[in-house]
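**Q** The lines below spell out each chain.
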Amino acid sequence: MSAVVTGRVVRIRRGLLSVRVDGRALTVGLGVAVALVVVMGITLTTGEYELSVTDVLKAIAGQGEGGADFVVNTLRLPRLLTALLVGAALAVSGAILQSLTGNSLGSPDVIGFNNGAATGALLVIIVTGGSMVQVATGALIGGIVSAVLIYLLAFTRGVQGFRFVLIGIGINALALSVNSYLITRASLYDALTAQSWLVGSVNSRGWEHVTAAALAVAVLLPLALYHARPLAMLELGDASAKALGVGVERSKAVLIVVSVLLAAIATAAAGPIWFVALAAPQLARRLTRSPAPGLVTSALVGALLLTAGDLLIQRVFPTAQLPVGTATGCLGGLYLIWLLASEWRGKGRYT
Amino acid sequence: MTRLHAEGLTLAYDQATVATDLGVSIPDGSFTVIVGPNACGKSTLLKALARMLKPKSGGVYLDGNLISSYRSREVARRLGLLPQTSIAPSGITVGDLVARGRYPHQKLLRQWSAEDEAVVTESMRLTGVLELAPRLVDELSGGQRQRVWLAMVLAQQTSILLLDEPTTFLDIAHQVEVLDLCADLHEHKGHTLVAVLHDLNQACRYATHLIVMRPGGEIAAQGDPSEVVTAELVGDVFGLPCRVIDDPETGTPLIVPVHRKRRSEDDGPVAVHEHATL
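Which chain is which? The protein sequence lines are L and W, in order. Just so it is clear: in the first sequence, position 129 is 129 by our numbering, and no numbers are missing. Numbering-wise, our numbering comes out as the position in the second sequence, counting from 1, plus 1000.
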């Protein structure tokens, strides 16, 4: 134990390797991971077609019987993994952006990445009537274009957090009205397709969604983790971070790109899902009580939020086929109200 | 040549030019204080010296090379800066904040060596915040907080320290406390200090080398405060008629503004009106 800094210091090989481990963050991370495994277990074993854990494991290993194999590998597992990966991607995207802007509203769903992605997807659905893959590509491009727009408009001698958020909210409103307009111009069939895409859902997601999201997370998450220390330093303000040797402009650029791509790919895979990116990093910070943005804990909390939300709507409304976007929107709305109310009363420590 | 100097600096924010063809040299081992009226470009000069602001032309040299030719981390091991405003992440402890000063010495897998710990402990001891280590920065008073920031900059272990108005927002007792600490660091630890200060009397008392800037980013005078600071200079640069007497405590120059009634009788409009808005 060290007297001056928090956390446990681990030094091995005569100090060649030394890391600080935050005991509380570790406990929270493990706890959330366990909860995540439990939710995954329940999702895979329960439902209309009950399975034992052994059946599920056999099916995953490729040795399941016909029925079990179909239920696990075609119906439940891809949907579950999509929810898990999308949740994690959105949470990390939100954690990075909130930390960079120094604002808990600096989250991709508030500042227009998601609605921009939706505009891209709607254009594809309504104008070209494209396939699932084309819609996802449209969403990806839409998300990136809106992010570039915000960045350019907010840029004067560097990007200042508050301005970034304000302009993002403006872009968000703009994208929202374009989306409404596009739906009024669409045929009934297209409008229905568009509407079902717009609520955000992991219903009937296949392995192609899982692969896309997994690739994104596998590439972008390590990149984000590599820049986690500069990210923590940037919270001291640009001047201090630069004085302490952080390559401010480069780190910011990399982190913004990672954040935008994670949000855009998640939206391409599952449609716009609200509040995971906003709420997961905040919940993670409050649980770990850490002064630094915990990207791993945020990712775990995001994954848990989305998988649990999806499990909830599958089991509570089994016939309604409710999209997970409505569940996270509901939970997230309540959370946002609580967050703002507690901050207004001066209780909130993270603003 | 001194370790830190600048030649032919033109400094500007976008279109607004603050200074042209500015040359300045920071004597090694000095406690240099930069003073001047508001908006004369003293903080801008400090920002340029700390490579926070890229000059339009000219260059800042550190240890013989252009400061912009070093990697950011390398500069951070030689030169420390305490900016005017820094943000303490909410919920951070004093110890953790000071430990962030070790960033330029750390690596991804070498985050907290025994040396890091020793340096951070020593920096906190020097600034008198060691016993505050487990406290939250949010809970500290302004004076304590400024000492914590100083400890963080000290933990960077640079022999050159730049301080941008380190006493702003502090009451007089805490201003003196922070400046005494700076003087101690200069005397006992051999640091080269460069500070921007507002208070001329404090500048004269603490500086071993004074740089006086006038509006337009020119250097009006520099050198030992006792030799440089005269009533003429203060009248010329600040537009303030004054007397300069010996500080009864230290013998350094003490600026006493002329009484307003005498000002209007004797000196008439001497610069008072001219610079009244500066």
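Worth double-checking, as some hints may not be accurate.
As the list claims (entries may be wrong) - With a Cα cut of at most 30 Å, we get these calculated DSSO-like pairs of lysine-lysine:
hint, chain 1, residue 1, chain 2, residue 2
1, W, Lys-1056, L, Lys-252
2, W, Lys-1107, L, Lys-252
3, W, Lys-1054, L, Lys-252
4, W, Lys-1056, W, Lys-1107
5, W, Lys-1054, W, Lys-1107
Claimed, not checked - Residues on chain L that point at chain W, a partial pick, calculated with CB under 10 Å:
hint, residue
6, Leu-17
7, Asn-73
8, Thr-74
9, Leu-77
10, Ala-214
11, Glu-235
12, Ala-241
13, Leu-244
14, Lys-252
15, Arg-285
16, Leu-287
17, Ser-290
Everything labelled a hint here was simulated from the structure, so no lab data went into it. In this text the structure is predicted, and so the values were computed from the model without any measurement. Beta carbons are placed, not taken as given, at the ideal position from N, Cα and C, and that holds for glycine.
**Q** If any of the earlier hints don't hold here, list their numbers in rising order.
**A** 4, 7, 8, 9, 10, 14 and 16
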